[in-house]
Amino acid sequence: MSMRPLLLLILGFATATGVTAQGSWRRDNIESSPAEHHTDDNHEWTTWFNVDHPGGRGDYEQLEAIRFYYRSRVCQTPRAIEARTTDWVPARETGETVHADPTVGFWCLNEEQGPERNCSNYTVRFLCPKDDSVNIQGTWGPWSNWSTCPALCGEVGVQLRSRNCESSSVPCSGSKREAKSCDGPECPETDCTLQCGMGKVNAECDACMCEEHILLGSVRGAGGLTAEGATILRNGKLLTLTDHNGHFRIPGICSDGNTTITVSLQGHAPFSAVVPYSAERISVLTVQLKRTEKLHVLSNPESKARREGQTAAFCCKVAGTPQPEKYQWFHNDSLLEKHSESTLVLRNLRLEQTGKYYCRASGSSGAIKTKPATLKVLGRDEHSCNPLPESHLIRLPHDCYQNSTDSLYYNVGKCPSSTCSGQLDNGIRCKDKIAYCCGVKKMEERQLTCQGYQLPTMVVTECGCQKCVDTKAIVHGRAIAADNGEPMRFGHVFMNGVRISRTGYKGTFSIQVPPDTERLVLTFVDNMQKFINTTKVLAFNTKGGAVYHEIKLLRKKAPVTISSTEINTLELGEAEGQEAMVQIQIPPYSFYTERGEVFTGKVNASVTFLDPRDVSTAAAAQSDLNFVGDEGDTLPLRTYGMFSVDFRGEENNEPLNAGEVKVFLDSAQVKMSEHLNTMKLWSLNPETGLWEEEGSLQVEKKRRGKREERTFLIGNMEIRERRLFNLDVPENRRCYVKVRAFRSERFMPSEQVEGVVVSLINMEPTAGFSTNPRAWGRFDSVITGPNGACLPAFCDEQKPDAYSAYVMANLGGEELEAVSSSPKLNPNLIGVPKPYLDKLNYRRTDHEDPRVKKTAFSINVAKPGPNTAEESNGPVYAFENLKECEEASFSAGHFRFSRVEGDRYDYNTVPFNEDDPMSWTEDYLSWWPKPMEYRACYIKVKINSPHEINVRSRNMGGTHPKTVGQLYGLRDTRSIRDMDQATVSAVCLEFKCSGMLYDQERVDRTLIKVIPQGSCKRDNVNTILQEYLVNHLPLAVNNDTNEFTMLAPLDPLGHNYGIYTVTDQDPRTAKEIALGRCFDGTSDGTSRVMKSSEGVALTFTCGDREVSSPSVFAALQNSRGQTVTSVVRGEGRQNRRRQRANAPRSSSRRSTRNPTGRRAKFTS
9 MSMRPLLLLI
19 LGFATATGVT
29 AQGSWRRDNI
39 ESSPAEHHTD
49 DNHEWTTWFN
59 VDHPGGRGDY
69 EQLEAIRFYY
79 RSRVCQTPRA
89 IEARTTDWVP
99 ARETGETVHA
109 DPTVGFWCLN
119 EEQGPERNCS
129 NYTVRFLCPK
139 DDSVNIQGTW
149 GPWSNWSTCP
159 ALCGEVGVQL
169 RSRNCESSSV
179 PCSGSKREAK
189 SCDGPECPET
199 DCTLQCGMGK
209 VNAECDACMC
219 EEHILLGSVR
229 GAGGLTAEGA
239 TILRNGKLLT
249 LTDHNGHFRI
259 PGICSDGNTT
269 ITVSLQGHAP
279 FSAVVPYSAE
289 RISVLTVQLK
299 RTEKLHVLSN
309 PESKARREGQ
319 TAAFCCKVAG
329 TPQPEKYQWF
339 HNDSLLEKHS
349 ESTLVLRNLR
359 LEQTGKYYCR
369 ASGSSGAIKT
379 KPATLKVLGR
389 DEHSCNPLPE
399 SHLIRLPHDC
409 YQNSTDSLYY
419 NVGKCPSSTC
429 SGQLDNGIRC
439 KDKIAYCCGV
449 KKMEERQLTC
459 QGYQLPTMVV
469 TECGCQKCVD
479 TKAIVHGRAI
489 AADNGEPMRF
499 GHVFMNGVRI
509 SRTGYKGTFS
519 IQVPPDTERL
529 VLTFVDNMQK
539 FINTTKVLAF
549 NTKGGAVYHE
559 IKLLRKKAPV
569 TISSTEINTL
579 ELGEAEGQEA
589 MVQIQIPPYS
599 FYTERGEVFT
609 GKVNASVTFL
619 DPRDVSTAAA
629 AQSDLNFVGD
639 EGDTLPLRTY
649 GMFSVDFRGE
659 ENNEPLNAGE
669 VKVFLDSAQV
679 KMSEHLNTMK
689 LWSLNPETGL
699 WEEEGSLQVE
709 KKRRGKREER
719 TFLIGNMEIR
729 ERRLFNLDVP
739 ENRRCYVKVR
749 AFRSERFMPS
759 EQVEGVVVSL
769 INMEPTAGFS
779 TNPRAWGRFD
789 SVITGPNGAC
799 LPAFCDEQKP
809 DAYSAYVMAN
819 LGGEELEAVS
829 SSPKLNPNLI
839 GVPKPYLDKL
849 NYRRTDHEDP
859 RVKKTAFSIN
869 VAKPGPNTAE
879 ESNGPVYAFE
889 NLKECEEASF
899 SAGHFRFSRV
909 EGDRYDYNTV
919 PFNEDDPMSW
929 TEDYLSWWPK
939 PMEYRACYIK
949 VKINSPHEIN
959 VRSRNMGGTH
969 PKTVGQLYGL
979 RDTRSIRDMD
989 QATVSAVCLE
999 FKCSGMLYDQ
1009 ERVDRTLIKV
1019 IPQGSCKRDN
1029 VNTILQEYLV
1039 NHLPLAVNND
1049 TNEFTMLAPL
1059 DPLGHNYGIY
1069 TVTDQDPRTA
1079 KEIALGRCFD
1089 GTSDGTSRVM
1099 KSSEGVALTF
1109 TCGDREVSSP
1119 SVFAALQNSR
1129 GQTVTSVVRG
1139 EGRQNRRRQR
1149 ANAPRSSSRR
1159 STRNPTGRRA
1169 KFTS
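Take any residue in the sequence shown, count from 1 to its spot, add 8: that is its number in this note's numbering.
Don't read these hints as lab results, they were simulated from the structure.
Every value quoted in this text rests on a predicted model; they were computed, and no experiment measured them.
Keep in mind that the hints are not guaranteed to be accurate.
[What the hints assert, rightly or not] DSS-like, lysine-lysine: derived pairs with alpha carbons at most 25 Å apart:
{"no.": "1", "residue 1": "Lys449", "residue 2": "Lys325"}
{"no.": "2", "residue 1": "Lys334", "residue 2": "Lys298"}
{"no.": "3", "residue 1": "Lys670", "residue 2": "Lys298"}
{"no.": "4", "residue 1": "Lys891", "residue 2": "Lys861"}
{"no.": "5", "residue 1": "Lys847", "residue 2": "Lys832"}
{"no.": "6", "residue 1": "Lys384", "residue 2": "Lys439"}
{"no.": "7", "residue 1": "Lys564", "residue 2": "Lys514"}
{"no.": "8", "residue 1": "Lys325", "residue 2": "Lys346"}
{"no.": "9", "residue 1": "Lys449", "residue 2": "Lys475"}
{"no.": "10", "residue 1": "Lys514", "residue 2": "Lys441"}
{"no.": "11", "residue 1": "Lys970", "residue 2": "Lys1025"}
{"no.": "12", "residue 1": "Lys679", "residue 2": "Lys807"}
{"no.": "13", "residue 1": "Lys938", "residue 2": "Lys970"}
{"no.": "14", "residue 1": "Lys832", "residue 2": "Lys891"}
[To be verified] Computed spacing ranges between beta-carbons, pair by pair:
{"no.": "15", "residue 1": "Asp214", "residue 2": "Thr569", "range": "22 to 32 Å"}
{"no.": "16", "residue 1": "Val506", "residue 2": "Asn243", "range": "14 to 24 Å"}
{"no.": "17", "residue 1": "Glu668", "residue 2": "Asp191", "range": "38 to 48 Å"}
{"no.": "18", "residue 1": "Gly165", "residue 2": "Arg507", "range": "23 to 33 Å"}
Ideal placement from N, C-alpha and C gives every residue a C-beta, glycine not left out.
Put together the whole structure using the sequences plus the hints.
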């Protein structure tokens, strides 16, 4: 009995038909059951299929796609098709325009439905022959044609033909295949040498063709999203494009295991796949693409010093997907035409080749430039290092005034830690195996006459080229909430996708920077999901040493539950009293699992917005707001808001991706009209810390609900594996601001502090809201070196007040103090001459309210005028004058910060700058005997006295024959009064630890004298400490009850002894941890408050009268006239510090000041 096609939805169309359910379907064609229409028992309906959802252009249930996923469940030639919605509503009752063809499938287009209406989500099934239909005799179908002879020219092969059994249940007798031999064609006289093991050579002679074979494929983009419009190429020739589902179909491709196709999609790395070997007529290939990895620098060329005639090699290592295709080298910004490899070799060097070298790598994934390296070419007989040391003043103890210089300073000299040539051969190497630096070649001892004693000091007399001191760079700090300082406890710290550390209970972390790291990019991940994942680019000291960073984290916004099958709009930046700044609109059926499957359940959506209208959020900004331009330059961005997204399934908490998301930025929030046309959407690459463009935003007018028509910047984005996005504009009006940090308010060149983190916040150029006058646009941090730091900033030449900035400085968690701007500006103290200072409008944060902290200042970043002489020497430099900024002399304009130090003084016989590990010198009298292994030791002393008392430790060689009786150094510290007992104070006094000296051959037990000032008597020695000293001979003589003498213990004793010892790779960190334990009186805790009765080693009782500092009159009698000013200034500064000590402060430094007392004078 013959079957006729059925006009059904139950739809059975011989050709594709468009149907509108209302009015155009005949009732008698629709409502009959399948049984009534199909009386042949040899057919049955398949299961229901649903391979697409109505997101995007509509719902497509195509037969080819269904076969791709369910190959064995659909017959070759269905007789009819039936469709219904997932809510079991027949297609005829939906009122929607649909199309169907049993040989093609079913489809519904959103654009054909009514206004603001989309297609329903349909499922389909097909009518196919039964597998168990009765057939008594198996019947063969006709033989196929003989296959093409596979023999190559001049060879013999086998031809095949086959037939199929037309009975599905009863087997057919006989052979299914037949074979016969065949001769290959005559070898033509042609240039084509391609030979095919399967199929035949195509006319272009570049591929093998198999006419009966079909390749079906599916392509997914990053995050599992469908890859519509991906190109499929073979040998560079386009074969086809993927459809809206990411599927493709290519006939004629051979499945011989040798055919390679390449899949390309915008924003993704090309992927090459081999068609797997198969004897079937249809092969299936699934491709998962990865996002294009922009080119980024792994290692920059290294600066070198060479002599004339030697060889130098520079190397740059650049990574990306795909890899760079081209390298170019530049010398002083001029292209070197003949050098196109990643390694530049310069032979037989000449003097004129001195200068800066960098490379530029480029390819299909962009371009990138390395940082420049400096080549210094020396003459054959030229000194590699200047043998004459530079001037370096150290401050002497207050009782060691030098009449010869009329000061408390003495020039001990220093050698610059610059690169020198050393003893190198002509080998070609990217990195020298041994690094050579200028260092101390000769030192001599000088005896300085002080009040009642001789003070030895080592003076540098000659510099020379020698091996550089091995150093390690450390980054440590705390990860805390930006809103209330809550620590991120036990979080993970990732670098290059690998976990390298964890935060502690108080959010602390410490990381040793791997060698050759050019850009330290760390991502902080909270296990408790309280905070969003935060990626930071942290500055570190390339010369070694520790740098402290406080990582501010945004608290993750509480999720809201949304439906994945509806349009959802999320508003961001809902500050009190202000309009939302950004909207995110997510169409229905836009959520995907990470496997690429459409998600249709409930979604928990958390979107955390960093609102630039709130200046307190600036420190929580992610990364460093830089991107790489088309020419490979690293360029800055100005932000209009960042948002972090987290979508998860409500039931199983499965992470979800989203496609076709719209972003709306209220144009009223963009204060600079020129930014409207350059606004772009960016995503953060957590591996490189650089922002990468996702798309542009276009200006459109929209009506928001019933409110007035508003103008928005609208862009499209996909939320895939990256979850942090940014609305930014590139900004090319750039400058540098020169800043220096100092140990004190004396602002002397020799007292500059390295390793200080200086930060600058660029502010909105025009007034914002009354509660927050200006919004911020960018946040930058740099590290001070021996010549200060140059901070990048936005600036404007035409309008001096177009851009303003806040600048602050931090050292080890301690906020440094800026120079005062009230009651009037003092250009000499601020470091900037007038009238440029007036143009910059310098203001410290307490300018109008003395209750505000003094730890920041604001300026107008006015670009220096090219024809204005007083603006050509800092502190603001044009962007192209970075080198001038970095090398500016101390007399050039600069802004200043200073440490608010307590009453503490350190003196080393062998000078050493704790900020610069390269300044370490091999000498038996070095306070720190081994670089990068710094051991800090403190002893806790309790003082019974109504006054705070200065205490000195005098540290001399004790048991080592090279140092016995010689001075290592002095430490002077003032005690801190107990907050609960007015007549008790305590001091944590540093002393030199015992141990190996620099030669690592013998230990020295340092001879320590603890000497309180004035009339004091030793009352008690910790019993356990005394017992330890008795049991570890020799025992120092302690006949003088005014002091305490001991040979310092070799063992790292704890609080039970009153001794606190910490070893670290950074001296400042070691001292900070040891001090915290000493203040707390425990071996593992820390405190900012002195606990005078906990963990004490020594107790002294001192007289009622406090020994005071010399009066102004005494200073006049004992020194020259010009000393008066310094004494008066010193006392005034001391009183100001004491006043500050009584005021509440939020900085983490300890107060070691006496609110009422005056600085006392020591006796040795």
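Earlier hints that do not hold, by number: Numbers 1, 4, 10, 11, 14, 15, 16, 17 and 18 - these are the hints that the structure violates, sorted from lowest upward.
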